Amino acid sequence: MDLTLLTLTELREALRRGETSSVEATQAMLDRIVATDNRVKSYLTVADELALDQARSADERRARGEETTVLGVPVAVKDIICTKGLETTAGSKILEGFIPPYDAFVVEKLREAGAVILGKTNTDEFAMGSSTENSAYFTTSNPWNLTRVPGGSSGGSAAAVAGRMAYAALGTDTGGSVRQPASFCNLVGLRPTYGRMSRWGVIAFASSLDQVGTFGRTVADCVALFQATTGYDRRDSTSLNEPVPDFESALVGDIHGLRVGVPREYFIDGMQPEVEQAVRTAIDKLADLGAEIQEITLPHTRYALPVYYLIAPAEASANLARYDGVRYGPRVRGEDLLQTYRQTRALFGPEVKRRIMLGTYALSAGYYDAYYGRALKVRTLIKNDFLAAFEQVDIIAAPTSPTTAFAIGERTADPLSMYLADTFTLPVNLAATCGLSLPCGFDNQGLPIGLQLIGNTLQESKILNAAFAYEQATEWHKRLAACE
Amino acid sequence: MNLTLQDVEKIAALARLELSQDEKETYLEQLSAILEYAARLNLLDTEEVPPTTSAVTLQNVMREDVVEPSLSVEDVLFNAPESFQSQFLIQAVLDAD
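These protein sequences, in sequence, are chains W and H.
Here my numbering is used: position 129 in the first sequence is 129, and no number is missing along the way.
Here my numbering is used: position 20 in the second sequence is 20, and no number is missing along the way.
Hints are not guaranteed to be accurate.
[Stated by the list, open to error] Here are the simulated EDC-like pairs of lysine to aspartate or glutamate, each with C-alpha atoms no more than 16 Å apart in a straight line:
hint	chain 1	residue 1	chain 2	residue 2
1	W	Lys84	H	Glu23
2	W	Lys285	W	Glu475
3	H	Lys24	H	Glu9
4	H	Lys24	H	Asp7
5	W	Lys462	W	Asp254
6	H	Lys24	W	Asp336
7	W	Lys377	H	Glu48
8	W	Lys377	H	Asp45
9	W	Lys478	W	Glu10
10	W	Lys462	W	Glu248
11	H	Lys10	H	Glu23
12	W	Lys377	H	Glu23
13	H	Lys24	H	Glu48
14	W	Lys93	W	Glu351
15	W	Lys84	H	Asp75
16	W	Lys462	W	Asp414
17	W	Lys462	W	Asp246
18	W	Lys84	W	Glu66
These are computed hints drawn from the structure, not numbers from a lab.
Quick caveat, the model's predicted, so the values are computed rather than measured.
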């Protein structure tokens, strides 16, 4: 059996039945990385020896009768999440060689659950980007067409899973960075409600928007990783202190009577016609499965992009002030301390500098109210749109991205054109709701199209179940990327 | 509002970023375009609208002021570019006089 063809759920079954071992599955993944990743370039660091050690230990735990949702399953972790003893760069030169002295909470959870960490995946620098082209190291390719981007900022994680070089992966989603790559790579990508996933040990970009998310080739795979890593963490003061629901048991597949809202503002001029077509067809399928579809309006949708591009950079300018060459990372020594700061911070890439500048300006004396202050108020209006909608409907269905995967290099000259890729995903982060993307078709170039399902705050079960129902009635998720 | 090269220099200084002349001009153009796009927020009436500063409604999450295990000094200094005994070594913050 070709272990790399199995989904996470199928691997779990095979492990449970003793048909294979974690060591075998890990070795299969490592071999596939060697054979494939020189073309896809999803990993920044592959931790062979450590992974095999973890695999052996997982097999021992299994032999003793233990079981978890991801015991012995090889997974990948986005390089913006701290892993003790394993280099973590945030895709930046300013953290080149940084070896975290501790694990992020979500990584501690992975270890507790016995998952095998294959390595760290590529990311746009400090999670700032929509294509992974802003990584200071190299660009990752989309396994469905190597001349295309995998999306971003969690493009490395998406490419690793879509390229079958990991059974699932952790990413982060601040403005769409899990959902958008999921839609570009034919995966299920979940962005849980803010507070579900501890941010302890997650290198901060925008603290009121960042959240760890999970990638899988199927809904069940995505949920298995989510279940293993979610939970209260007292070291993150925004962590939700509530018992963790059993999300796996929510996947019953029956959506009769589910009220689905379709926001008219998410079908705009300039979006790729095949994307609109595939998404509308998918919504019809939800209706066939018993859901009640109604058109809704989220009137402030068009303001989400400017609001996000004021709030996120403002928060980033504060979060990135710590990179000064003093305590970690490279130090570029200048003639005095101020010069050392400036020369060290010259290691930031252009997109990072651009956002730091934007944020600094938006927060500066005389401009705070006009920019940042105003953006915070419009954020309330966006949030209220969702609250009003969720009085009428249970979940919202929409496209994830206006287009399928664009070509590498196509949007790098114009920052604004890049920002537009996140137009449909940003509102979820601003409103503190939850969202996921799942496969709903391909365009005529064979590029994947994603359907986005948005749930109210803490209502992941509803969107996961709806996604599961749709997935069971379709075959998109069964197609495999050629990595060419 | 029109962003000037001087504004760009001032922001760069606040953010401790050193920019070349080319970079300053490029950022001037790009930041101006982004800020102009952001100006569409002025079309909205937000007079009576409260700001949303946080994604959650939690407030003042506290714990007891009790010392708990943290990182060892070795761990803390492991990534330090320069260290001395149990301290990070850096250039003078204040002048000697």
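Status of each hint after checking the structure:
For the given pair, W/Lys84 sits about 36 Å from H/Glu23 by alpha-carbon distance, which is inconsistent with the 16 Å threshold. Of the supplied pair hints, the one linking W/Lys285 and W/Glu475 holds, its CA atoms being roughly 13 Å apart against a limit of 16 Å. Distance check on the hinted pair: H/Lys24 and H/Glu9 sit about 7 Å apart at the alpha-carbon level, within 16 Å; holds. Under the criterion of a C-alpha separation no larger than 16 Å, the hint pairing H/Lys24 with H/Asp7 is consistent with the structure, at around 10 Å.
The hinted pair formed by W/Lys462 and W/Asp254 meets the criterion: a straight-line CA distance of about 11 Å does not exceed 16 Å. Distance check on the hinted pair: H/Lys24 and W/Asp336 sit about 23 Å apart at the alpha-carbon level, beyond 16 Å; violated. Restraint check for W/Lys377 and H/Glu48: the C-alpha separation of about 9 Å stays at or below 16 Å, so the hint holds. Using a Cα cut-off of 16 Å, the hinted pair W/Lys377 and H/Asp45 holds, with the two alpha carbons roughly 10 Å apart.
Between W/Lys478 and W/Glu10, the direct Cα distance comes to roughly 13 Å. Compliance with the 16 Å bound is thereby established for this hinted pair. Restraint check: the Cα-Cα separation between W/Lys462 and W/Glu248 comes to about 12 Å, which is no more than 16 Å; the hinted pair holds. For the hint linking H/Lys10 to H/Glu23, the alpha-carbon distance of about 14 Å falls within 16 Å, and the restraint holds. The hinted pair formed by W/Lys377 and H/Glu23 fails the criterion: a straight-line CA distance of about 32 Å is larger than 16 Å.
Taking the CA atoms of H/Lys24 and H/Glu48, the gap is about 38 Å. The hint is violated against a cut of 16 Å. Only pairs whose Cα atoms come within 16 Å are accepted, and W/Lys93 paired with W/Glu351 is accepted, the gap being roughly 13 Å. Between W/Lys84 and H/Asp75 the CA atoms are separated by roughly 10 Å; this keeps the pair inside 16 Å, and the hint holds. Of the supplied pair hints, the one linking W/Lys462 and W/Asp414 is violated, its CA atoms being roughly 38 Å apart against a limit of 16 Å.
Between the alpha carbons of W/Lys462 and W/Asp246 the distance comes to roughly 12 Å, so the proposed pair stays at or under 16 Å and holds. For a cut-off of 16 Å, the pair hint linking W/Lys84 to W/Glu66 is broken: about 24 Å separates their Cα positions.
In the structure shown, a violation is registered for the earlier hints numbered 1, 6, 12, 13, 16 and 18, in ascending order.
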